[in-house]
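Generate coordinates for the entire structure from the input sequences, incorporating the hints supplied.
In the working numbering, the protein residues as written are 2 to 299.
Calculated from the structure, these hints are not laboratory results. Virtual Cβ for every residue (Gly too), placed ideally from N, Cα, C. Some hints could be false.
If you anchor each label on the Cβ, the simulated ranges turn out as follows [stated by the list, open to error]:
#, residue 1, residue 2, range
1, Glu186, Val295, 35 to 41 Å
2, Met49, Pro282, 43 to 49 Å
3, Thr26, Ala69, 41 to 47 Å
4, His213, Leu70, 50 to 56 Å
5, Glu253, Arg285, 35 to 41 Å
6, Glu253, Ala187, 44 to 50 Å
7, Leu79, Lys255, 42 to 48 Å
8, Ala248, Arg27, 23 to 29 Å
9, Thr65, Pro124, 31 to 37 Å
10, Glu121, Pro8, 42 to 48 Å
11, Glu297, Lys255, 52 to 58 Å
12, Ser165, His219, 26 to 32 Å
13, His262, Glu97, 22 to 28 Å
14, Phe164, Asn216, 26 to 32 Å
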Amino acid sequence: MSKRLMPSTTALQCFEAAARHLSFTRAAQELHLTQSAVSKQVAQLEDMLSHPLFERIRRRLHLTPAGALYLTEVNKILTQIDISSRYILSYGDETEVLRIATQPTFGARWLVPRLKGFGEQFPRIHLDIRNELEPFDLVQAKADVAFFFGQGTWPGATCIELFSEEVLPVCAPQLLEQQRFASAEALIEHRLLQCASRPEAWHEWFLGQGLHSQNSYHGPRFDTFYLCIRAAIAGCGIALIPRYLVAEELAEGKLMVAWDHPVPSNGRHFMAHAEHAAQVPKVRAFVQWIRERVAEGV
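This is the structure we're talking about:
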């Protein structure tokens, strides 16, 4: 394996400060070093990179093109170090972090309301909840618990079924004022809002009513159900959304059912964790908490 280019954090800090101030003197004052020390660190960095990072023009310091490019990367590195350090600093010695991965709209609409009281009952478990659009990685321990929609199969994971769902077409009230849909077939020619995570949704909905539409996959595409919901409210078209995700908008009259024919989704919601983590106390506590909320219908 080739030797890695690994400049020291001190060298990166010296370069970043000098680039920000365009002055070795002011960088040295900020870092509580001598000007000579800052200059030496930058020189070693330039030697390692085989590129000059600064040049002097009329006795003033300027970044070279390579220096400007490198500064962008160094800022990312130093910012991440700062974030990671503060992240660890925020926990006590007895605190455990439970990393949870969830899709955005599910997390906001279903999961978060069911976390009320968890912190009081388990004060030493700190929840770290992240939105994920791409498949999560349980086996490599990037998440302790993940929520997903599908068929309940995940290599190396224990999948716990939570609930099924049904989807229905919804739209803004003004859209129905302009055009009343007399049948499901009438929706085919309208603008259908697409959710990227459920590309087959409209096709399956029409098939469920004995219809086949070439238009099932056409229309504006959005990453999340939340964006689809907002687009529907704005009058951009008809969205096919799980009922539980739009219960609030339907109750408030922000959305209306375009054609009242809900269809069960081809999949269910699951909670999953790595097979080897079943007896880890923080995982076991959280799984039990969610199971109780589901059983109680909360």
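Between Glu297 and Lys255, does the C-beta distance stay in 52 to 58 Å?
-> At 28 Å between Cβs, range violated.
Supplied distance hint 35 to 41 Å, evaluated on CB atoms of Glu186 and Val295 | Holds - the Cβ-Cβ distance for Glu186 and Val295, about 37 Å, lies within 35 to 41 Å.
Starting from the range 42 to 48 Å, see whether the pair Glu121 and Pro8 falls in it by beta-carbon distance.
-> Holds: the Cβ-Cβ distance is about 46 Å, inside 42 to 48 Å.
Between Ser165 and His219, does the C-beta distance stay in 26 to 32 Å?
-> At 28 Å between Cβs, range holds.
Could one say that the CB atoms of Glu253 and Arg285 fall in the range 35 to 41 Å?
-> holds (38 Å)
Could you see if the CB distance from Met49 to Pro282 stays within 43 to 49 Å?
-> Taking Cβ atoms as reference, Met49 and Pro282 lie about 46 Å apart, which means the hint holds.
Check the following: the C-beta atoms of Leu79 and Lys255 are separated by a distance inside 42 to 48 Å.
-> holds (44 Å)
Indicate whether the distance between the beta carbons of Thr26 and Ala69 respects the range 41 to 47 Å.
-> Given a distance of about 21 Å, which is not inside 41 to 47 Å, the answer is violated.
Given the hint of 50 to 56 Å, check if His213 and Leu70 actually sit that far apart at their C-beta atoms.
-> About 53 Å separates the Cβ atoms of His213 and Leu70, which means 50 to 56 Å holds.
Could you say whether the range 44 to 50 Å given as a hint is met by the Cβ separation of Glu253 and Ala187?
-> Violated - the Cβ-Cβ distance for Glu253 and Ala187, about 25 Å, lies outside 44 to 50 Å.
Per the hint of 22 to 28 Å, is the separation of the Cβ atoms of His262 and Glu97 within bounds?
-> violated (46 Å)
Regarding Ala248 and Arg27, is the given constraint of 23 to 29 Å on their beta-carbon distance met?
-> Violated: the Cβ-Cβ distance is about 58 Å, outside 23 to 29 Å.
The structure fails to meet hints 3, 6, 8, 9, 11 and 13 from the earlier list, while all remaining hints are met.
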